[in-house]
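Enquirer: Here are the chains, one letter per residue:
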Amino acid sequence: MILPLEGVVVLEFAQFMAGPSAGLKLADLGARVIKIERPGAGESGRKIAIKNLFIGDDSLVFHTINRNKESIEANLKDEKDLAMIRKLLLRADILLHNFRPGVMEKIGLDYDSVKRLCPTMIYGEITGYGKEGPWTKKPGQDLLVQSVSGLAYLSGNRADAPTPMGIAVSDMLTGAHLVQGILAAMIQRGRTGQGAKVSVSLLESTLDFQFEGLTTYLNSGMQAPIRAEQGNANAFLGAPYGIYQTSDGYMAVAMVPLARLTEAMEVPLPAEYREPTTWFDQRDAIMRLLASYFIKNTSDHWVEIFDRQDLWCMPVLDYKELLEQEAYRVLRMDQEVVTKRGEVLKTTRCPIRIDGERLFSSKSAPEVGEDSAVIRREFDL
Amino acid sequence: MKQVSLEKPLQDIVVLDLSQFLSGPSASLKLADLGARVIKIEKPIEGDICRHLYNSNVVLNGVSSVFHAINRNKESLVLDLKQEDGKRKLTKLIQSADVLIHNFRPGVIDHLGFAYDVVRQINPRIVYGEISGYGKAGPWKDKPGQDLLVQAISGLTTLSGNDGMGPVAMGLPIVDILAGSHLVQGVLACLVRRAVTGLGGLVEVSMLESILEFQFESITTYFRDGGAPTIRTKQNNAHAYLGAPYGIYQTKDGFLALAMGSIVDLGYLLRCEPLKEYVTYESWFDKRDEIKAILAEHLQKESTQFWLSLLEPADYWCADVLDWERLFKTDAFQVLEMIQTVQMGDGFEYKTSRCPIQIDDRLLRSAIGSPKLGEHNASIEKEFGL
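One line per chain: the protein sequences are A and B, in this order.
Following our numbering, the numbering of the first sequence begins with 1 at its first residue and continues without gaps.
Following our numbering, the numbering of the second sequence begins with 1001 at its first residue and continues without gaps.
It is worth saying that the hints were derived from the structure and are not from the lab.
One should not assume that every hint holds.
When the alpha-carbon atoms are kept at most 20 Å apart in a straight line, the in silico SDA-like pairs for lysine to any residue are as follows [said to hold, decoys possible]:
1) Lys137/A - Arg100/A
2) Lys1136/B - Asp334/A
3) Lys131/A - Lys1329/B
4) Lys1136/B - Asp355/A
5) Lys1136/B - Lys296/A
6) Lys47/A - Thr1280/B
7) Lys296/A - Glu263/A
8) Lys137/A - Asp1286/B
9) Lys138/A - Leu1373/B
10) Lys320/A - Asp1320/B
11) Lys1082/B - Asp1320/B
12) Lys1234/B - Ser1309/B
Remember, predicted model here, so these are calculated numbers, not experimental data.
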């Protein structure tokens, strides 16, 4: 198999999560991704740790999101280094960055300048909130964007405070949209011979993520979504959709007609809940009733009953329980990468398979400037 | 007003979309907004099941509001793929198409006679994308690939909410969206490759793999720290693996979000003496429950605006917490022009959000609403000589 982006060169002027996650996808799809980092310290994400975990001088998070990349050191405030980077630009297909608005302009690597130098460049940029309006200077940070976008009012139960997603969902979706735009622009370049600028923002991507709810909201008199009282899994969906406690764990139940569900559970369905319109209007009462039955038996018991009838349910698992499953093992979702210092790190692989093959890569995240000498020689910089 | 793009990057690309519900159709919506022509192939009478998916009982012009959101900017062609006539027509369309997408359970497409190996024979340049729930092998391969169920078994529900709450699902279909998004990436990458090699390719994603990769941070941490369980903070959790102050806090009149930052600085800025005791970086994680309890009590004393006025001038990472109603009133939202009005073939109009990607500083808008079932049969059959 030829990796789809083989031969494509990407210069990544990005830091933290959103930009580097885009670089990682391009790398796993076959592109050569070179991080441009400031001498010594490198990008700021190297120091952002979760659970205080580091590998060498760099955080574990940095390692997971910057594997399969190279690094060259350059001080973008130094004219000599900048000249070197301009020379490198001529050999690249894609440039991506996630600086706040104005930073690349100050350095002289804004789109118009780069385009003059290299008209075929695909130039990708990520901002927090777009490039105009009162929020442009605000920090484009994942939790903060979740908080202003309405997203925190969709998870958790009715009485809970706004509940953010405990994962960098805005960063990841924005990075994914940048990859989509960049690849579409590559296809356009194949047709027209011209480069393009691709812009995404954390806020717009997080709004796009809510497009189903927003469309419902916009066309039904702007009624605010109300989360279910217990076991909420989607403010817009009726019973039984949600999570239920069993005698030894939890179960998730998706869209299942109530009559079939209660029949399978061998419990009565009160006459007032026979009409599907009541499943949303009477959601809390119905879910409370179902919860009173689920708690009486084990997850295995319920799963077995529902599986037999192909009703949509699954037990709730944590990482330990999931990783023990045969269904997890057959995916071969994990892979090992080896750092320059010989340390082995187990992490996840790219989720996309091409021509029937999984995309593995054992190349670790680079140390700051790890590839400077090689790249300078190769591109005669 | 922002400028709207007329020439779009994927113009001339034809996509045949056999998928239903959300994962596949969300992928073809992105391709459509990027300029591709998407022909949605639906079964007779019922069509995409999503047309009738009950969604808070909001039905617009005969179908669910969710269907309208996902399937705008597409054409609808009804084909019965169980009949020879339907098979013949699809075969002919495949000859002129660039991309084919489906999200049937494993085995179904083989049964219909349009597995990749067959389609490739008809058109070697086609890029063939498929989404499964759990991959095509293993004990879960025939389980329903439904968003909440994949969230539940993937470990994802251990990440949100506070310690002691039990599993907390994400209240929107994150798995479908990610799988669709990965499919788009793979399909576009193969179209890039086709420009070089002249050949199409096969792109496979599964909902489970997509949601596992999404959790790469916490799964890698799990591998690294010897399988320690995920522990959310006792209160104000926003990330089980991050230290204080990361979280959303109640104030006198609303809520305040605090991202990562120095606890000592926070002590000075918020005039909260006890926080100044936590001088080491390590303590912000190790003693996060203690710190969050102090913060939560302190922040209740004043309004959100009051706290923002102390934190923002110092560039401390913080934000108000908005619902849609308040967000829509801000200039910051208005300036994005994120909402567009689209029109269906019968003149029915509805509002929805636009594509979040901009090309050359132009918005990718489309005024075309979702299609009625089979709305484009006549025009497509004529155009392609079916």
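Enquirer: Please work out if lysine 296/A and glutamate 263/A have their alpha carbons no farther apart than 20 Å.
Expert: Since the Cα atoms of lysine 296/A and glutamate 263/A sit roughly 16 Å apart, the hinted pair holds (cutoff 20 Å).
Enquirer: Quick one, are lysine 1136/B and aspartate 334/A close enough, alpha carbons at most 20 Å?
Expert: Holds, at roughly 17 Å.
Enquirer: Compare the distance between the alpha carbons of lysine 47/A and threonine 1280/B with 20 Å, and conclude whether the hinted pair is satisfied.
Expert: holds, 15 Å
Enquirer: Please verify whether lysine 320/A and aspartate 1320/B have alpha carbons no more than 20 Å apart.
Expert: Between lysine 320/A and aspartate 1320/B the Cα gap is close to 36 Å, so the pair fails against 20 Å, i.e. violated.
Enquirer: Would you check the hint for lysine 137/A and arginine 100/A, treating anything up to 20 Å between C-alpha atoms as holding?
Expert: holds, 7 Å
Enquirer: Just to be careful, I want the Cα atoms of lysine 137/A and aspartate 1286/B compared with a cutoff of 20 Å; is the pair within it?
Expert: Roughly 32 Å separates the two Cα atoms, so the pair is violated.
Enquirer: Starting from lysine 138/A, check that the Cα of leucine 1373/B is at most 20 Å away, please.
Expert: Judged against 20 Å, a Cα distance of about 45 Å means the pair is violated.
Enquirer: Would you mind confirming whether the straight-line C-alpha gap from lysine 1234/B to serine 1309/B stays at or under 20 Å?
Expert: Judged against 20 Å, a Cα distance of about 28 Å means the pair is violated.
Enquirer: Given the hint that lysine 1136/B pairs with lysine 296/A, test it: the Cα-Cα distance must not exceed 20 Å.
Expert: Outside the cut-off at roughly 34 Å; violated.
Enquirer: Sort out whether aspartate 355/A lies within 20 Å of lysine 1136/B, counting only the CA atoms.
Expert: holds, 14 Å
Enquirer: So if I understand the rule, the pair passes when the alpha-carbon distance is 20 Å or less; does lysine 131/A with lysine 1329/B pass?
Expert: holds, 19 Å
Enquirer: Would the pair lysine 1082/B and aspartate 1320/B pass a check requiring their Cα atoms to be no farther apart than 20 Å?
Expert: violated, 54 Å
This entry does not satisfy hints 5, 8, 9, 10, 11, 12, going by the numbered hints stated previously.
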